[in-house]
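S.K.: Residue numbers (the numbering used here), protein chains in the order written: chain A, 91 to 455; chain B, 11 to 487.
Just so you know, these hints were derived from the structure itself, not from any lab. The beta-carbon is built from N, C-alpha and C at its ideal position, and this holds for glycine as well. Check the hints yourself; a few may be wrong.
[Claimed, not checked] Derived pair list, reagent style DSS-like, types lysine-lysine, alpha-carbon separation capped at 25 Å: (1) Lys-329(A) x Lys-236(B); (2) Lys-134(A) x Lys-184(A); (3) Lys-325(A) x Lys-236(B).
[To be verified] One side only, chain B facing chain A, incomplete, derived with CB under 7 Å: (4) Leu-35; (5) Thr-37; (6) Ile-41; (7) Asp-206; (8) Gln-351; (9) Thr-361.
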Amino acid sequence: MTPETEEELAEVIASTKEPLRITGGGTRPIGQSDGTPLSTAKMKGITLYEPGALTIVAKAGTPVADIEEALAKENQRLAFEPMDHRPLLGTKGKPTIGGVVAANVSGPRRISVGACRDFMLGVRLVDGNGSIIKNGGRVMKNVTGYDLVKLMSGAYGTLGVLTEVSLKVLPDVAAYGMLTLDGLDDATAVAAMSAALSSPYEVTGVAHDPQTGKTMFRLEGFEASVTYRADALTKHLAKFGTVAATFDAKSIKATWAAIRDVTSFAAEDGDVWRLSVKPSDAPGLVTKLGARAVQYDWGGGLIWALTDGGDLRAKLGDFAGHATLIRGTANAPVFQPEPAPLAAITAGLRAKFDPRGILNPGMMT
Amino acid sequence: MEMPVPSQSVLSRKDYIVERLRAVLPTEAVISDASETRAYECDALTAYKCPPLCAVLPSSTAEVSAVLKICHELDVPVVPRGSGTSLAGGALPTADSVILGVAKMNQVIETNYDDRYIKVQTGRTNLSVTGAVETNGFFYAPDPSSQLACAIAGNIAMNSGGAHCLKYGVTTNNLMGVTMVMMDGTVVEIGGAYLDAGGLDLLGLICGSEGQLGVVTEATLRILHKPEGARPVLMGYDSSEVAGQVVTDIIKAGVLPVAIEFMDRPCIEATEAFAKAGYPMCEALLIVEVEGSEAEIDYQLDLIMKIAASHDPVELRQAQDADEAGRIWLGRKSAFGAMGQINDYMCLDGTIPVSSLPFVLKRIGEMSKEFGLDVGNVFHAGDGNMHPLILFDANKPGDLELCEEFGAEILKLCVEVGGCLTGEHGVGIEKRDLMHVQYDPADLEAQMAIKDVFDPKWLLNAAKVFPLDTSETRRAA
């Protein structure tokens, strides 16, 4: 089913008797269960774009590429740089903005500017009763009533099917710089990344790849600023080793797109886990994982792990954070199980928004 | 403004309720004497007052849990309170309610510079969070203008903003985790020292829920290293349309200032008379501040000055040193006090799309004449968060009501142009009865359904946010 309007979607949901599997472009089938496919792909189009107000509003099925193209014309961008899951998951199709929001998809810049949910200004959705609901709006600051905008971001459609989203956008940048340290062990690399993030030099990406031994720091802004910060940060990081610098925008963009999309795991077999952790815990946790390969992003706060299968959470025991099985067949819940009181709240919210249990019923449980 | 009729059943059981609370708290932490409960009769929205049944000042999460468990068992309404600086009446009691103040819970639990967070008890004031980390060069970004007094608990309840949101975001963008006590006494931990708490974004839901879903007792907050420097520039224009265009042009040029503040003529006149900051007399004054190293500041300000100059300013002044920067900010920071010297005032915080600025200011000017009340505008222009200050005389019969009516018209206008009722103060009781202007019944039903999950008996701050007739059946159940 591919409704073309919000009203049509509301009718579909109100009248359906079977579980629905909600998709946008179908490029991120993370933890989805069976059900009649319901796609938002035909509800598309940018409904409002005000560059001077840093605001864009689009129907949920709008391809991310269309949004990025419109923004690029005005020299603006989605600052949270949503990951493209296609290489890693081997999916085809066009990622949609609704899918990005539903899965709260962010990239390396999350560490400096925030996640997708931090850029969300408003939503429209149809809940499991078939009711059309709106929350938030199109302005930067809005505390009118409860923040369902955040609640819906990352809810994977389990509380409602998004029909329209409003987002804050930011100016694109004129210049790029990248510093690289070579050959650091994981613990030292995380210490170096923390040192950069605890400095005033505004790094917008901090990643470490143990396979290549490279620890990478991205700087963005206008040229004079990037040059100045590259120099200052080089001095700041000198105690960790020799710092190499590059200012080639094209190669820097390509490097960070690869980090964002975890393309180094794309051609490899095996399960892929995504862990959000306290950065200084990361090296210790990685030693417990026994993974074939890992990638550190967010200064160590985000670990990507490639494993040969099995329940990775069992190896970790209790830890501060959460793990998601992004790809693979491990006999383990895809999403991190919640402690009982939180699981009760989640179940309560789902019972209110989707009393018949028809919206992606198997997800996030 | 109406409040629900207090429950006779609760009022008649006051002695028993107080006795039960005394059994789980130290003697001095339960305040029930009428002469002392008066200290909790209102917050910063002083037009409305009502002493609570009693007030409790717990010192730990466990004590908060014990209090809530008793109130839940006895069906006693609870109104959480941080420092009582709400401009929206978020901490206004009802006569049958227990005020639960977190002021005693003000300790720093942990600071971690490597992982860039601080964990505090939520009674701690906003400014003293920064105070705890600034010797190490760090700060906590959200900076509501009441930051000297306001508590983190209230910041979380209202999702408070501040002058520097354009770059750093508001409370919800800087909150990593909470310890929260539910109305039945259950303690939950959400998020922590890592990014993006797992599961549904309950952290995002709780932030800004005005103390209706639970009492947040501890918070993990993101801290940042301070920028190397900051410098403001001041510019004056003959019309608000032109000033609005300057704001748009600066943003479109790709510069992201940390603050863009706007003041109109009535506000400039008032602050000049009060603070003598040396502002030009004009229709619209902008203060734009940028951050970074000296070289970065020079570059950005050069760009901004060029844009500003191309719009024919009546004045354009860049701060050359800290002294001059201080003078540029002096008037803005004294604006509320200056208006308060003239008369009583009501401060609104409706938010509008930046593009609607000239139209909205023009309409407010016209309405000011219709209502016969003066109004000054001072606000965060970069994010469209207005702060119209309506002047009235509290001693003149009918003036408050007239002022409220005028305020409601301004807020309706904000919604009409695509904005919202409140950008950073919260709904409380002040904007409660206007919620239907922004939201349809289904929208409000969805929000109330959330409260049903967290607080099925509707005991927590229940007379706020939702229009009383809309929430009536739930509150009565």
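S.K.: Please go over all the hints and tell whether each is borne out by the structure.
M.R.: Hint-by-hint comparison with the structure:
1. Lys-329(A) x Lys-236(B): Holds, because 22 Å separates the two Cα atoms, which is no more than 25 Å.
2. Lys-134(A) x Lys-184(A): At roughly 12 Å apart (the allowed maximum being 25 Å), Lys-184(A) and Lys-134(A) satisfy the hint.
3. Lys-325(A) x Lys-236(B): This hinted pair holds, its Cα atoms lying about 18 Å apart.
4. Leu-35: violated, 24 Å
5. Thr-37: violated, 31 Å
6. Ile-41: violated, 30 Å
7. Asp-206: holds, 5 Å
8. Gln-351: Gln-351(B) check fails; min Cβ-Cβ to chain A is 28 Å, beyond 7 Å.
9. Thr-361: holds, 4 Å
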